[in-house]
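Student: Keeping the supplied structure of chain V fixed, place chain X upon it in accordance with the hints.
Listed in order, the protein sequences are those of chains V and X.
With this note's numbering applied, the first sequence covers 1 to 113.
With this note's numbering applied, the second sequence covers 1 to 112.
Just so you know, not all the hints are guaranteed correct.
[Said to hold, decoys possible] Partial list, computed: chain X residues near chain V (C-beta under 8 Å):
| hint | residue |
| --- | --- |
| 1 | Phe34 |
| 2 | Lys42 |
| 3 | Glu43 |
| 4 | Pro44 |
| 5 | Leu46 |
| 6 | Ser49 |
| 7 | Arg99 |
| 8 | Leu100 |
| 9 | Phe102 |
| 10 | Gly103 |
| 11 | Arg104 |
| 12 | Gly105 |
[As the list claims (entries may be wrong)] In the SDA-like style, the derived pairs of lysine to any residue whose C-alpha atoms are separated by at most 25 Å in a straight line are:
| hint | chain 1 | residue 1 | chain 2 | residue 2 |
| --- | --- | --- | --- | --- |
| 13 | V | Lys57 | V | Val47 |
| 14 | V | Lys42 | V | Glu3 |
| 15 | V | Lys42 | X | Asp7 |
| 16 | X | Lys45 | X | Trp111 |
| 17 | X | Lys42 | V | Gln37 |
| 18 | V | Lys42 | X | Ser72 |
| 19 | V | Lys57 | X | Glu3 |
| 20 | V | Lys78 | V | Ser27 |
| 21 | V | Lys83 | X | Arg104 |
| 22 | X | Lys2 | X | Ala17 |
| 23 | X | Lys42 | V | Val113 |
| 24 | X | Lys45 | V | Pro2 |
| 25 | V | Lys57 | V | Pro8 |
Everything labelled a hint here was simulated from the structure, so no lab data went into it.
Quick caveat: nothing in here was measured; it's all calculated off a predicted structure.
Just so you know, even glycine gets a beta-carbon here, dropped at the ideal spot from N, CA and C.
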Amino acid sequence: EPEVTQTPSHQVTQMGQEVILRCVPISNHLYFYWYRQILGQKVEFLVSFYNNEISEKSEIFDDQFSVERPDGSNFTLKIRSTKLEDSAMYFCASRGTGNYGYTFGSGTRLTVV
Amino acid sequence: RKEVEQDPGPFNVPEGATVAFNCTYSNSASQSFFWYRQDCRKEPKLLMSVYSSGNEDGRFTAQLNRASQYISLLIRDSKLSDSATYLCVVNSGGSTLGRLYFGRGTQLTVWP
Chain V
1 EPEVTQTPSH
11 QVTQMGQEVI
21 LRCVPISNHL
31 YFYWYRQILG
41 QKVEFLVSFY
51 NNEISEKSEI
61 FDDQFSVERP
71 DGSNFTLKIR
81 STKLEDSAMY
91 FCASRGTGNY
101 GYTFGSGTRL
111 TVV
Chain X
1 RKEVEQDPGP
11 FNVPEGATVA
21 FNCTYSNSAS
31 QSFFWYRQDC
41 RKEPKLLMSV
51 YSSGNEDGRF
61 TAQLNRASQY
71 ISLLIRDSKL
81 SDSATYLCVV
91 NSGGSTLGRL
101 YFGRGTQLTV
111 WP
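In isolation and in its complexed conformation, chain X is listed as follows:
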């Protein structure tokens, strides 16, 4: 069973484009949801937490649909520096201490 599934990508977009990533998770008891970014051979870095009401941080907007167990990330006005792998991450549920489950990641390349 795959706990977290993501668009495999890769996504190749020009600067200034809007790009959206999707993710589904299998554990309905999950309580915490995140988007991380990972640069090649580096550690995952927290991009943003995802809340039921949806949340925005500058050019990034995250949405959570608990009924569909679906998470999305929208990046507006893409920059070259946005090129990375974006990881959908969900905790195991039952407790916020629970392990994190990572998706395989969606690779984004922004070209000039």
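Next up, chain V with everything else stripped away, as it sits in the complex:
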């Protein structure tokens, strides 16, 4: 079964440092997303990406966040200057055409210290 791959599985970083979370979506999918889940809370939308541009972003996705699809396969989330409250599980997801559910990657656990 095709899957969404995320690396690293766990990242520890110091407050103020930049982090890049990486994702390889399913190869024939066209829509890409980042979600996050703070421990004990619900999954929250960050950003959607289609046709090489952001199609929607949430209020969480401020100027500290950016996304990029640098080549045909990778989809990255960059946090420029991490804060303690950025500690969360970050999930990448992708979706093909049609009204189907999204496929989520196994996540990157980001810990900001």
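Tutor: Here is chain X on its own, set in the frame of chain V:
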């Protein structure tokens, strides 16, 4: 405003029991509805999409009532492996590209 609200649970049931989860959503323009399951510290995994006509997948039955903005999931003959958190998920409406809104989830524990 809470976009998606679910039974908080937790539900603790014996093997073989039938258990039902409920969910309501606030955006009447929503077009896509799903149940996901999430194991502890893992990613959400699609359990099933939910259609207006209701749909069944083995022991799982999902129902959607658009007029009441209500979604349900019924699990029959519960197995130990059904223990997980069940997430009610709704898209934002207007387009199937729209963001997904997740409920907080309902925790299910099936005991032997």
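Student: Now look at each hint and say whether the structure bears it out.
Tutor: How the hints compare with the structure:
For Phe34(X), the shortest C-beta to C-beta distance to chain V is roughly 5 Å, which falls under 8 Å, so the interface hint holds. Hint status for Lys42(X) relative to chain V: holds, with the closest Cβ pair at about 7 Å, below 8 Å. A least Cβ separation of about 4 Å between Glu43(X) and chain V falls short of the 8 Å threshold, and the interface hint therefore holds. At its closest, the beta carbon of Pro44(X) sits 5 Å from a beta carbon of chain V; the interface hint therefore holds under the 8 Å criterion.
Interface restraint check for Leu46(X): the shortest CB-CB distance to chain V comes to about 4 Å, inside 8 Å, so the restraint holds. Residue-level restraint check for Ser49(X) holds (minimum Cβ-Cβ distance to chain V is 6 Å; threshold 8 Å). The interface hint given for Arg99(X) is met, as the beta carbon of that residue sits about 4 Å from the closest beta carbon of chain V, less than 8 Å. A hinted interface residue such as Leu100(X) counts as satisfied when its beta carbon comes closer than 8 Å to some beta carbon of chain V; here the least separation is about 6 Å, so the hint holds.
Because the beta carbon of Phe102(X) sits about 4 Å from the nearest beta carbon in chain V, less than 8 Å, this interface hint is met. Proximity of Gly103(X) to chain V holds as hinted, the smallest CB-CB distance being about 7 Å (cut-off 8 Å). A cut of 8 Å between beta carbons decides the hint on Arg104(X): the least distance to chain V is about 5 Å, and the hint holds. Given the 8 Å rule on beta carbons, the hint for Gly105(X) holds: about 7 Å separates it from the nearest Cβ of chain V.
Restraint check for Lys57(V) and Val47(V): satisfied, since their Cα atoms lie roughly 4 Å apart, inside the 25 Å limit. In summary, the hint linking Lys42(V) to Glu3(V) is supported, as the alpha carbons are separated by about 22 Å, within the 25 Å threshold. A hinted pair counts as satisfied when its Cα atoms are at most 25 Å apart, and Lys42(V) with Asp7(X) qualifies at roughly 14 Å. Among the hinted pairs, Lys45(X) with Trp111(X) is consistent with the structure: their alpha-carbon atoms are about 22 Å apart, no more than 25 Å.
A hinted pair counts as satisfied when its Cα atoms are at most 25 Å apart, and Lys42(X) with Gln37(V) qualifies at roughly 11 Å. Only pairs whose Cα atoms come within 25 Å are accepted, and Lys42(V) paired with Ser72(X) is accepted, the gap being roughly 19 Å. Note on Lys57(V) and Glu3(X): the hinted pairing holds, with a Cα-Cα distance of about 17 Å set against a maximum of 25 Å. Restraint check: the Cα-Cα separation between Lys78(V) and Ser27(V) comes to about 21 Å, which is no more than 25 Å; the hinted pair holds.
Proximity of Lys83(V) to Arg104(X) is assessed by CA-CA distance (about 24 Å); at most 25 Å being required, the pair is judged to hold. This hinted pair does not check out: Lys2(X) and Ala17(X) have alpha carbons roughly 30 Å apart, beyond 25 Å. Restraint check for Lys42(X) and Val113(V): the C-alpha separation of about 22 Å stays at or below 25 Å, so the hint holds. With a C-alpha separation of about 13 Å, the suggested pairing of Lys45(X) with Pro2(V) holds against the 25 Å cut-off.
Annotation: proposed proximity of Lys57(V) to Pro8(V) holds, straight-line Cα distance about 23 Å (limit 25 Å).
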